[in-house]
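> Listed below, chain by chain, are the residues.
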Amino acid sequence: MKALMFGWEFPPHILGGLGTASYGLTKGMAMQPDMDITFVIPKPRGDEDQSFLKIIGACNTPVVWRDVYWDYVSERLSKYMDPQEYYNMRDHIYADFSYMHTNDLGCIEFSGRYPDNLLEEINNYSIMAGVIARTHDYDIIHSHDWLTYPAGIHAKNILGKPLVIHVHATDFDRSRGNVNPQVYQMEKNGMDHADHIICVSNLTRQTVIEKYYQDPAKVTTVHNAVEPLSPEILAINTEKGIKDKVVTFLGRITMQKGPEYFVEAAARVLERAKHIQFVMAGSGDMMERMLYLAAEKGISDRFHFTGFLKGKQVYEMLKRSDVYVMPSVSEPFGISPLEAMQCSIPTIISKQSGCAEILDKAVKVDYWDVDAMADAIYSICTYDAMADFLSKEGKAEVDNIKWEYAGQKVRDIYNNLCK
Amino acid sequence: MKNICFYFQIHQPHRLKRYRFFNIGGDHYYYDDFANEDFIQRVAEVSFVPANRLMLEMIKEYNGKFKAAFSISGVALDQMEIYAPEVIDGFKELADTGCVEFLSETQGHSLASLIDPEGFKKQVKEHDDKIESLFGQRPRIFRNTELIYSDDIAELVYDMGFAGMITPGAKRTLGWKSPNYVYKSAVQPKLKLLMRNPRFSDDIATRFSNYSWSEYPLTADKFINWIAATPKEEQVINLFMNYEALGNFQKKSSGIFDFMRALPRFAAEKNIGFATPSEVLNMLKPVDSISSMHPISWVGEERDISAWLGNTLQQEAFHKLYEVAERVGMSQSRRLLQDWNYLQSSDHFYYMGTKHDLPFSPYSSPYEAFNTYMNVLSDFKERVDAEFPSSIENEELNALLTTIHNQADEIDRLEDKIKKLEAKTKVSAPKATDEHAITPATIKEKKSAPAKKESKAKDVATVKAEDKVEPVTKVKTEPDKAIPMAKKATAKPAIKAKTESKPKATEKKPAPATKVKTKNK
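Residue numbers (my numbering), protein chains in the order written: chain B, 1 to 419; chain L, 1 to 521.
The shape of chain B in the complex, shown without the other chains:
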């Protein structure tokens, strides 16, 4: 079965959980022997792992015919893909886009991030999707998140094959209810055109059904999973300089992640316990407010900010922690608690996060219940049995959540649609 997937991020260059999930899912699905995946992203960097799928960069897909030599194309693109592929696609340019700004290869430039002209980039992405869809035949089209829905719909119209859209988040999660109408419109349009909708949690599924008015029969939950830690990460050995317990918040400091509840809970814990330090790792638009809030509560001496962490730093931070807290107000899935548990870190998550649906060996509290959160933090830092239990059992639990199983569920959906 040949699947054409549209995504926006792919490791190692990722900005959020979408890239991690795309990687894990495709890798899990690639374990099925007859699965052939082509994954389109706006801008590959050349160091992506292509051992189990084929990556096509939107920025390397010609939409305007240019007369270029093999040697030149090979020099420019062989880092990213087979040069022959360029010529194949060039043969399938379907309209005159010469009015657009293109480069010497006739390709549109993409940033591959979330720039200010995001809507324009989404539109361009959908234009080049037409070329890719015409070049090869596929059995199914799979779009990851709203940015790629228009491309998915376009490809569906050309190929006449079923479209599956994968909802990693909705705008209701990102905005705590203040939905951007343009985004909503794009999301809703994608869902309406989809033959099947995959959600990363029942929480998201509910939103899709209630807020986007989708037929429940068409919406299935496939929970995310987590990749086993690489030996490189396992080898990280951090020595704790301080005797104090470290409680960590790790993620974007934005409204969706509920950082203020973490600060509140910290203040409550520090009222009673002096052997605990708090760390807020990450960056985001609410960081400054959190700095002030911590100062206001008079806990700045025990409440630290690390700024943005990347790659290995994330795991170094995790491994230095004694408790990981994710107080998200609305989290479609939330993969980071699973990563913390892989590092044997006792984890507290909000009941409003999708991963709470599949995790048992983590403490679950309501994000607004700062008393309960404080109590759980105190308990893990004070009662060793609690920390030991969550650390051991948590790791055992999360080691059994595999992308392979998630991939099989997605495959079942494909099979149903292609019957």
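Simulated from the structure, these hints should not be mistaken for lab results. A virtual CB, placed ideally from N, CA and C, is assigned to each residue, including glycine. Treat the hints with caution; some may be incorrect.
Across the chosen pairs, the derived CB separations fall in these ranges [to be verified]:
no.: 1; chain 1: B; residue 1: His304; chain 2: L; residue 2: Ser212; range: 56 to 66 Å
no.: 2; chain 1: B; residue 1: Asn415; chain 2: L; residue 2: Arg199; range: 39 to 49 Å
no.: 3; chain 1: B; residue 1: Gln206; chain 2: L; residue 2: Tyr29; range: 35 to 45 Å
no.: 4; chain 1: B; residue 1: Met31; chain 2: L; residue 2: Arg172; range: 39 to 49 Å
no.: 5; chain 1: L; residue 1: Glu301; chain 2: B; residue 2: Arg45; range: 49 to 59 Å
no.: 6; chain 1: B; residue 1: Gln206; chain 2: L; residue 2: Arg334; range: 48 to 58 Å
no.: 7; chain 1: B; residue 1: Ser51; chain 2: L; residue 2: Arg207; range: 47 to 57 Å
no.: 8; chain 1: B; residue 1: His275; chain 2: L; residue 2: Arg334; range: 27 to 37 Å
no.: 9; chain 1: B; residue 1: His275; chain 2: L; residue 2: Thr402; range: 35 to 45 Å
no.: 10; chain 1: L; residue 1: Glu301; chain 2: B; residue 2: Asp399; range: 55 to 65 Å
Let chain B serve as the given structure and place chain L on it in line with the hints.
Just chain L now, kept in the frame of chain B:
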């Protein structure tokens, strides 16, 4: 003739209220009164009250041919006395018929038998006293919490003078043997054992209203036929279950009450009688001995104690609790002892289980159960510590407590000495030096001041001692020995006065105790 031996268990724990870590040290009340009241009243209404009525009617209807035994935990009794006294009245009525036997267990429905033999014996005695005062009969048969049984426990139980014990009919210990006989303990052959018949018990207790059960619906007729069909040599069928099976687990609408009511009639047709555990033990001789190195219970597929002590959370909480067992045992504070009892209930540990779903747990997760319990325990330990500082070793503390305990006698003795001295000085007044003359007066002055303070503190012993100042006994003592004695007598009350004036201590007695000791050093 076959006999059916019914035994019903009644237990409700004191559920803990939401107790956060910031309550530690400030809030010493741990229980969710609302939930507890609500629970016990609800169960009383649907189950205990109608079931009691049914039992009474059955006993009357069959002229005492129907018999049953009850095991009511002390914590359940405490709650029923407050929230559902009508249930207790029902049991009293049943007790008056003489067809009902009450069994012994621990006051707090505790797991003390596994870890704290001394405390265990104390709790059993406490429970039996309570049963005797309520129902006028002292239990002869022992039933451990959740039927937990092991060889070690058998020894303990026998030591306490029980004739028999109820045990779970676990396959692990019984093997191919049938539970329908009386057995004896392998380590204490004089202790007889009654085995729960798991199949027939669960037919009523769990499967009765299960539509998907192939034998549904279960009728009294069919049930008695099954029992009659067991081999002739098997003389006793032990049906042990939770009393809530009647009316709560099996709702009234399932017909459980009618089923029960019809049992004696069909039983009589098949010549099957009813007996209490004591009667069974009198009637039948043990056929074999049973040994169980490891504790077994009646819960779960495994029939072991993993439902309460299966994971590390449960074990930690359990061991942390019993760390202070010896300390608490020395305390006289009623509130502390009561909390100690309530906190030992096995249910608290059950709620921390992670193996299965816990339908009866008041908590949303085992972690919440653990948090709450550990927070409460921290506060409890602080209170124990306030009473007996942990810096003092247990032996030393024991010695101190003995001193306190005997202080009334000691004071009496010293008072006597004073009086003798007074008598002596009166006689020898003309001869006495100035120093000698002043001493008795100073004694009296110094003595009266602290005595008043102590009487304020309701120290009965001192009050008694004060009363005894008046009568004068004339006994002759040597003058040279009398003086140092008198000095010692003055020294002691002075210290007392000092400690009393310090407002630090919450519990009255122990604080001075340590002071006395340190001063003596």
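> Confirm or reject the claim that Gln206 of chain B and Arg334 of chain L have a C-beta distance inside 48 to 58 Å.
For Arg334 of chain L against Gln206 of chain B, whose Cβ atoms are near 53 Å apart, the range 48 to 58 Å holds.
> Could you check the hint for me, namely that His304 of chain B and Ser212 of chain L are 56 to 66 Å apart, CB to CB?
holds, 57 Å
> Falls inside 49 to 59 Å, the C-beta gap from Glu301 of chain L to Arg45 of chain B?
holds, 55 Å
> If I claimed the Cβ atoms of Met31 of chain B and Arg172 of chain L lie 39 to 49 Å apart, would that claim hold in this structure?
Given a distance of about 42 Å, which is inside 39 to 49 Å, the answer is holds.
> Given the hint of 47 to 57 Å, check if Ser51 of chain B and Arg207 of chain L actually sit that far apart at their C-beta atoms.
Cβ of Ser51 of chain B to Cβ of Arg207 of chain L: about 56 Å, so the range 47 to 57 Å holds.
> For the range 39 to 49 Å, tell me whether the beta carbons of Asn415 of chain B and Arg199 of chain L fit it or not.
holds, 46 Å
> Do the Cβ positions of His275 of chain B and Arg334 of chain L conform to the proposed distance bound of 27 to 37 Å?
Roughly 35 Å apart at Cβ, these two residues keep to the hinted range, so it holds.
> Cβ-Cβ distance between Glu301 of chain L and Asp399 of chain B: within 55 to 65 Å?
Violated, at about 25 Å.
> Taking 35 to 45 Å as the hint, is the beta-carbon distance of Gln206 of chain B and Tyr29 of chain L inside that range?
Given a distance of about 40 Å, which is inside 35 to 45 Å, the answer is holds.
> Return holds or violated for the Cβ distance of His275 of chain B and Thr402 of chain L against the range 35 to 45 Å.
Hint holds: Cβ distance 39 Å, inside 35 to 45 Å.
Comparing the model with each numbered hint stated earlier shows that hint 10 is the single one that does not hold.
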